[in-house]
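Chemist: Sequence:
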Amino acid sequence: MGQEDREAPRGDARGARSPLLRLSDGAVGLLDWSGRLIAVSCLGVMFAALLTNVVLRYAFGSGIAWAYEIHALLLPWLVAGGVVIAAARGRNITVTLVPELAGAGTARLLAIAAQLAVLAICLGVLQSSRPILKAAQFQTLSTLGVRQIWGYASLVYAFGGMGVIAALTALRLVAGGDAPLRDPARASLS
Numbered sequence: 001m002g003q004e005d006r007e008a009p010r011g012d013a014r015g016a017r018s019p020l021l022r023l024s025d026g027a028v029g030l031l032d033w034s035g036r037l038i039a040v041s042c043l044g045v046m047f048a049a050l051l052t053n054v055v056l057r058y059a060f061g062s063g064i065a066w067a068y069e070i071h072a073l074l075l076p077w078l079v080a081g082g083v084v085i086a087a088a089r090g091r092n093i094t095v096t097l098v099p100e101l102a103g104a105g106t107a108r109l110l111a112i113a114a115q116l117a118v119l120a121i122c123l124g125v126l127q128s129s130r131p132i133l134k135a136a137q138f139q140t141l142s143t144l145g146v147r148q149i150w151g152y153a154s155l156v157y158a159f160g161g162m163g164v165i166a167a168l169t170a171l172r173l174v175a176g177g178d179a180p181l182r183d184p185a186r187a188s189l190s
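First residue of the sequence shown? That's 1 in the working numbering, and the numbers climb one at a time after it.
Don't take each hint at face value.
Claimed, not checked - No farther apart than 20 Å at their CA atoms in a straight line, the calculated lysine to any residue pairs in the SDA-like style are these:
1. Lys134 <-> Leu123
2. Lys134 <-> Ala153
3. Lys134 <-> Tyr157
No lab work stands behind these hints: they were computed from the structure.
Please take these sequences and the hints and turn them into a complete structure.
Modeler: Now the structure itself:
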C-alpha cells in the first residue's frame with residue numbers, strides 16, 4: 001500500500017508500532033496486492049482474448065468461440081479484485097459527515113461500529129451465497145467446458161477479503177491504531 005492510502009501508525013509514546021498493527025498492515029497489504037494481481041491478470045487475459053478474436057474474425061472470417069465465454073469467468077474476478085483493492089486502501093464509498101462533526105473518541109467508535117457492520121454483512125453474504133455456489137458446481141460453460149463455480153468463487157474472494165479487512169481495521173482501531181486516511185484531496189482518483 002502506498003503512503004497516500006493510509007497514514008503511518010503513530011504507535012505508542014516511544015514511537016514503536018505494536019506487532020498486532022504490523023501484522024494487520026501486512027495482511028491488508030497482502031490482500032491489496034492479491035487484488036491488484038487478479039485485476040491486472042483478468043484485464044490482460046480478457047483484452048488478449050478479445051483482440052485475438054477480432055483479428056481472427058477480420059483476417060479469416062471466424063473467430064474463436066471461447067473468447068465470448070472467458071469474460072463470464074474473468075469479469076467477476078476483475079470486479080472482486082477491484083472491491084478488495086478499494087477496501088484495502090480505504091477508498092470504498094463512505095459517508096463521513098457525522099464522524100467529521102463528532103469528536104475523536106466518537107469518530108473512533110463510529111468507525112469501529114461501521115467496520116463491524118461491514119464484517120456482519122460480508123459474513124451474511126457468504127452464508128447466503130452457499131446455495132448459489134453449490135448449484136454453480138453443476139453448471140458448465142458450453143464452449144470452454146469450465147464449471148461456473150470458477151466465476152462464482154470470486155464472490156467468496158470479494159466478500160471474504162472485505163470481511164477480513166473490516167475485521168483487521170476494527171482490531172486496529174480498538175488497539176489504538178489510526179483509521180484509513182480520509183483526506184479527499186489525497187485520496188481522490190479524479
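Chemist: All the hints need checking, so say for each whether the structure fits it.
Modeler: Hints versus structure:
no.: 1; hint: Lys134 <-> Leu123; result: 17 Å, holds
no.: 2; hint: Lys134 <-> Ala153; result: 11 Å, holds
no.: 3; hint: Lys134 <-> Tyr157; result: 16 Å, holds
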